[in-house]
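Letter by letter, the chains look like this.
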Amino acid sequence: MAYSVEIENLSKEYIVGETKIVAVNNISFKIKEGSFAIVLGSSGAGKSTVLNVLGGMDTPTSGKVTVFGKNIAEYSKAQLTEYRRESVGFVFQFYNLMPNLNVLENVELARQICKNPLDAKETLEMVGLGERLYNFPAQLSGGEQQRVAIARAIAKNPDILLCDEPTGALDYKTGKTVLALLYDVCKKQNKTAIVVTHNGALAPMGDVVIRMKSGTVESYEENSNPIPIQELEW
Amino acid sequence: MKKVLVKNFFKDIQATLPRLLSVIIITALGVLIFVGIHTVNTNLQDMAHTFFKQQNVADFWIDGDKFNKTDEKKIRGIDGVEAVQSQLILEAEPLRKPDVTVILHGVSGGYKLNTPLIVKGNFPKNKREIMLLEDHAKSHHLDVGDSYELLIKNTNKKMSFRICALIKAPEYMSIATSIEPIQNSYKTGVAFMDEETLSEIAGENIYNQICVKLENNADKNYFKNEVKERLGYKVSNLTELPDKTSTYIIIDTIQYIKVMATVLPWIFFIISALIMFTTMSRIIENARVQIGTLKALGYADKTIMMYYLSYSVIVVVIGMILGCLPSMKLAVSLYNVYSTVLILPPHDMFIDQMAILYAFVLTNLFCVGTAFIICKRELMEKPAECMRPKPPKAAKDIFLEKITFLWNRLNFSAKTIIRNIFRNKMRMIMCVAGVTGCMGIVLGTFGFWDSNSHFIDLRYEELYQFDLQVIINRNTPQIVYHRLKELEGVQAVEYEMDTSFSVYKDNRKESGSLHIMEDTVSLMLISEKSEVPMELPKDGILLARDIAKKLNISIGEEITYTVGTSNRKEKGFVSGLSDSNLVSYMGKSYWENNSHSYSPSIAYIKTDNPKAVANKVMDYDFVIVAKSRNELIQSIRNNFKVIDVFVVVFISFGGMLALVVLYNLGILNFYERMRELATLMVLGFRDKEIRSLILTENIIFTIIGILLGIPFGIFLCNVVVGDSVRFGYVLNVYIKPRSYVFAVILTMSFSLIVNRMLGKKFRQIDMIGALKSVE
Chain A
1 MAYSVEIENL SKEYIVGETK IVAVNNISFK IKEGSFAIVL GSSGAGKSTV LNVLGGMDTP
61 TSGKVTVFGK NIAEYSKAQL TEYRRESVGF VFQFYNLMPN LNVLENVELA RQICKNPLDA
121 KETLEMVGLG ERLYNFPAQL SGGEQQRVAI ARAIAKNPDI LLCDEPTGAL DYKTGKTVLA
181 LLYDVCKKQN KTAIVVTHNG ALAPMGDVVI RMKSGTVESY EENSNPIPIQ ELEW
Chain B
235 MKKVLVKNFF KDIQATLPRL LSVIIITALG VLIFVGIHTV NTNLQDMAHT FFKQQNVADF
295 WIDGDKFNKT DEKKIRGIDG VEAVQSQLIL EAEPLRKPDV TVILHGVSGG YKLNTPLIVK
355 GNFPKNKREI MLLEDHAKSH HLDVGDSYEL LIKNTNKKMS FRICALIKAP EYMSIATSIE
415 PIQNSYKTGV AFMDEETLSE IAGENIYNQI CVKLENNADK NYFKNEVKER LGYKVSNLTE
475 LPDKTSTYII IDTIQYIKVM ATVLPWIFFI ISALIMFTTM SRIIENARVQ IGTLKALGYA
535 DKTIMMYYLS YSVIVVVIGM ILGCLPSMKL AVSLYNVYST VLILPPHDMF IDQMAILYAF
595 VLTNLFCVGT AFIICKRELM EKPAECMRPK PPKAAKDIFL EKITFLWNRL NFSAKTIIRN
655 IFRNKMRMIM CVAGVTGCMG IVLGTFGFWD SNSHFIDLRY EELYQFDLQV IINRNTPQIV
715 YHRLKELEGV QAVEYEMDTS FSVYKDNRKE SGSLHIMEDT VSLMLISEKS EVPMELPKDG
775 ILLARDIAKK LNISIGEEIT YTVGTSNRKE KGFVSGLSDS NLVSYMGKSY WENNSHSYSP
835 SIAYIKTDNP KAVANKVMDY DFVIVAKSRN ELIQSIRNNF KVIDVFVVVF ISFGGMLALV
895 VLYNLGILNF YERMRELATL MVLGFRDKEI RSLILTENII FTIIGILLGI PFGIFLCNVV
955 VGDSVRFGYV LNVYIKPRSY VFAVILTMSF SLIVNRMLGK KFRQIDMIGA LKSVE
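Protein sequence lines, in the order shown, are assigned to chains A and B.
Counting from 1, one number per residue, gives the positions in the first sequence under this note's numbering.
Counting from 235, one number per residue, gives the positions in the second sequence under this note's numbering.
Honestly, I wouldn't trust all of these hints.
Straight-line distance between alpha carbons at most 30 Å, and here's what the computed DSS-like set of lysine-lysine pairs gives [said to hold, decoys possible]:
#1 Lys861(B) x Lys850(B)
#2 Lys995(B) x Lys659(B)
#3 Lys77(A) x Lys468(B)
#4 Lys922(B) x Lys115(A)
#5 Lys719(B) x Lys77(A)
#6 Lys719(B) x Lys563(B)
#7 Lys64(A) x Lys402(B)
#8 Lys922(B) x Lys121(A)
#9 Lys563(B) x Lys402(B)
#10 Lys922(B) x Lys70(A)
#11 Lys20(A) x Lys719(B)
#12 Lys468(B) x Lys458(B)
#13 Lys922(B) x Lys20(A)
#14 Lys20(A) x Lys458(B)
#15 Lys478(B) x Lys468(B)
#16 Lys861(B) x Lys77(A)
Derived Cβ-Cβ restraints for the label pairs, each shown as a range [claimed, not checked]:
#17 Thr638(B) x Glu131(A): 17 to 23 Å
#18 Glu131(A) x Trp641(B): 18 to 24 Å
#19 Lys995(B) x Ile15(A): 44 to 50 Å
#20 Trp234(A) x Ile1002(B): 56 to 62 Å
#21 Tyr14(A) x Ile663(B): 40 to 46 Å
#22 Tyr134(A) x Lys995(B): 29 to 35 Å
#23 Gln587(B) x Tyr14(A): 53 to 59 Å
#24 Ile663(B) x Glu131(A): 47 to 53 Å
#25 Ile1002(B) x Tyr220(A): 48 to 54 Å
Calculated Cβ distances over 10 Å to all of chain B for the following chain A residues [said to hold, decoys possible]:
#26 Asn52
#27 Asp58
#28 Thr81
#29 Glu86
#30 Leu101
#31 Glu105
#32 Lys173
#33 His198
#34 Ser214
Derived from the structure by calculation, the hints contain no laboratory data.
Being a predicted model, the structure only gives us computed values, none of them experimental.
For every residue, glycine included, the Cβ atom is placed at its ideal position computed from N, Cα and C.
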């Protein structure tokens, strides 16, 4: 099976004031196409930085980041925009929906700039919001809003799905449902999904689990037998 | 306040100052205009007041023929009369300068009333000394000690005077009179002298005007009746101070400035209140948690209120200082504009302290008032509520969505834009108000300019069909002046005779000048509406508008009039009204049929080569001066140069208004929606697409503002131009189509400048940072 994501010797440094902070220090790993990857680590471990670089929102200081054969580390700002437009679906901790657009329109908003998007209504039905198409974000619960955000990411028909603490702002039960949904969608569409979380209890559900600490990869495990999220407790 | 809180306050202020900057600028502009224009006004008022008082200006002017000492005594005997002064007024012209008129006042009794203000020199000591209007003296390069040779009009009497003083005269604050409707100190002069000086011409103790000053609470109507009773037919006219245009013009001017002083600053104050409203809302909303914390810690509402009100107080204080500092400069430059139109006595400018106080009260009312309302609203919440972030404003379906077929056609950017516009109505109102204000001021200013230049175009460009104007000696025989026609290169000649003209009705007299034209005029037209050539009525007079209005005369009516210095009352019909307020017209045949001799003083010449002809005509003895059409129009245009000052000042004010308002709101909008914008970036929207999304709003607001600004500009133009009079003609509001285009382009480009500045801001968005945190 081919690798959808290959990271080689990736480093990212920030300069804050006069001090240099190394957020990611020379890491390498690969993720197979269609796998559900979990990146684990406490805050400050550098996991979000990796995700941001992968999502084309940030550029690395050095190293190679190959997504489906293309090294996005060399991309210019405009190329990164096109990359985000066509190849990446992003899900955030705080949903980040457009408050002025209703559910359907929020999904359409993302679709309208892509080349091969999925149908908005079908996608929303898939995440279980077929009945709430014309509600505005402010009229939805947190879990529902996150499901809209997932539908928005999926509908773009991206190459990879990146999720930054998708359950961070949700309660235990809702968080579980959302994760289950992410997993199902990923498997159904055969998408590579990378989920960043600090919650170690989620590790068993991933095909791949990458543990990060202080900007380095602490461990990389492939899990041939992932356990469904419903069976996990924390 | 506690010490720590004060420390925190200064840190807060430092952080919020950039956001308060726009309110400060608008407040400063409002204060600047308010204090500036009020200062001009107060100075003019103060100047007029002291001038009127010190020079002891009369309350009444009684005109008539051959008043004598007995008549003066009769007037003095009326109850309530404080002082009486008789004078003889004659007209003269300097030798070899028949186009110049000098009005001579032979004054009895030592200049007690309407005392000339001596700028340089002394009162006359003997019969040969005169005091000459300073502006006139300067334009003829005369000074104290020089002699001035004058020819008394309608006599052959030559007199040589010694100038003993240069003066300003309260009776002549403006010398734009009937004979010379364009204020021109060269062409019109005034001289004051002792009565004995003129007695050898008219006889001793003969006067044609008596000036009267009443006691403070005297009954004016009683006085008027008594004058008629005691002097009877001898009185031709009784003018009260407010009707004495040449004196009262200063008061009229003050009224006119007052209108400007009221309208303009209010635009700025209202907009500053609106900006204060949005900015303060934002600041306080951001500080919710801090307010909640302070409350939870047990600080009293009053303390917290004081804390946030201090923000607005700082705006007011800085705005006041920034506005007041340059206001004196503005006032001085505006005052100078007026001193070119009016003959003003020397005056030391001072700042209007009351205006500063008013401005202070007003800005406080507007700025601190709005801040108070917002604070009050926020303070009503409980501490716990305050510490939670405010729930996002729910988007609602707007009315447009009900029109489904239209709504469904819109794309998302359009939908987001429209919903966003309606989500924040206050911001919409503000933006539109700002642009409307800008457009209104710019268009109104252009309109003011156009109305004036259009006036010149109409009055002079179109009426002046000749190429050369030649002033000729009035006593030239016809055979002699007809030589002009024979000159090489001259295609046509038309003549004009000017004389003074008084109309009588119901014991009242109104004077103006009478121009006797050819029966058919084609070189010097008298109405912009006329056909070329224009036929003058064969059996009547075209009466000056002001005379018709004041004496309530309508077309077709028979009037009684005198011409020149003759006392012969003649009768004639009014066949129409002239365009001018002061000049009446008559055809040559009609004039000659009334057994008058025709002695023209101006010849209008049509020629292809005005320069050559001008050189040739100057060889004739009877020709005084020759001026080409272009020279004449240019000199009139120069009179209007002063208006440019206003145009520049107001257009830049309007522009600043739009810039500040749009930028301020753009920035607020930008910060409020940073998260949304970051989301769009992450979704892969291109910079251009995002920029258009947020900037389209500004453009929409600009367009609405421009549309509303057009009627507002026309309104402002009407207020400023109003029915004001220029050179004896009513000035009509006229806005060139070109000015609409310019005003739109200017306002639009102010908006585009703001968009450019905002566009640069986008590059500063930190996608990751914006999306991570809740706020």
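Status of the hints after comparison with the structure:
no., hint, verdict
1, Lys861(B) x Lys850(B), "holds, 12 Å"
2, Lys995(B) x Lys659(B), "holds, 24 Å"
3, Lys77(A) x Lys468(B), "violated, 96 Å"
4, Lys922(B) x Lys115(A), "holds, 19 Å"
5, Lys719(B) x Lys77(A), "violated, 83 Å"
6, Lys719(B) x Lys563(B), "violated, 55 Å"
7, Lys64(A) x Lys402(B), "violated, 89 Å"
8, Lys922(B) x Lys121(A), "holds, 28 Å"
9, Lys563(B) x Lys402(B), "holds, 25 Å"
10, Lys922(B) x Lys70(A), "holds, 25 Å"
11, Lys20(A) x Lys719(B), "violated, 97 Å"
12, Lys468(B) x Lys458(B), "holds, 14 Å"
13, Lys922(B) x Lys20(A), "violated, 33 Å"
14, Lys20(A) x Lys458(B), "violated, 96 Å"
15, Lys478(B) x Lys468(B), "holds, 20 Å"
16, Lys861(B) x Lys77(A), "violated, 71 Å"
17, Thr638(B) x Glu131(A): 17 to 23 Å, "holds, 20 Å"
18, Glu131(A) x Trp641(B): 18 to 24 Å, "holds, 21 Å"
19, Lys995(B) x Ile15(A): 44 to 50 Å, "violated, 23 Å"
20, Trp234(A) x Ile1002(B): 56 to 62 Å, "violated, 27 Å"
21, Tyr14(A) x Ile663(B): 40 to 46 Å, "holds, 43 Å"
22, Tyr134(A) x Lys995(B): 29 to 35 Å, "holds, 33 Å"
23, Gln587(B) x Tyr14(A): 53 to 59 Å, "holds, 57 Å"
24, Ile663(B) x Glu131(A): 47 to 53 Å, "violated, 37 Å"
25, Ile1002(B) x Tyr220(A): 48 to 54 Å, "violated, 25 Å"
26, Asn52, "violated, 5 Å"
27, Asp58, "violated, 6 Å"
28, Thr81, "violated, 6 Å"
29, Glu86, "violated, 7 Å"
30, Leu101, "violated, 6 Å"
31, Glu105, "violated, 6 Å"
32, Lys173, "holds, 22 Å"
33, His198, "holds, 14 Å"
34, Ser214, "holds, 20 Å"
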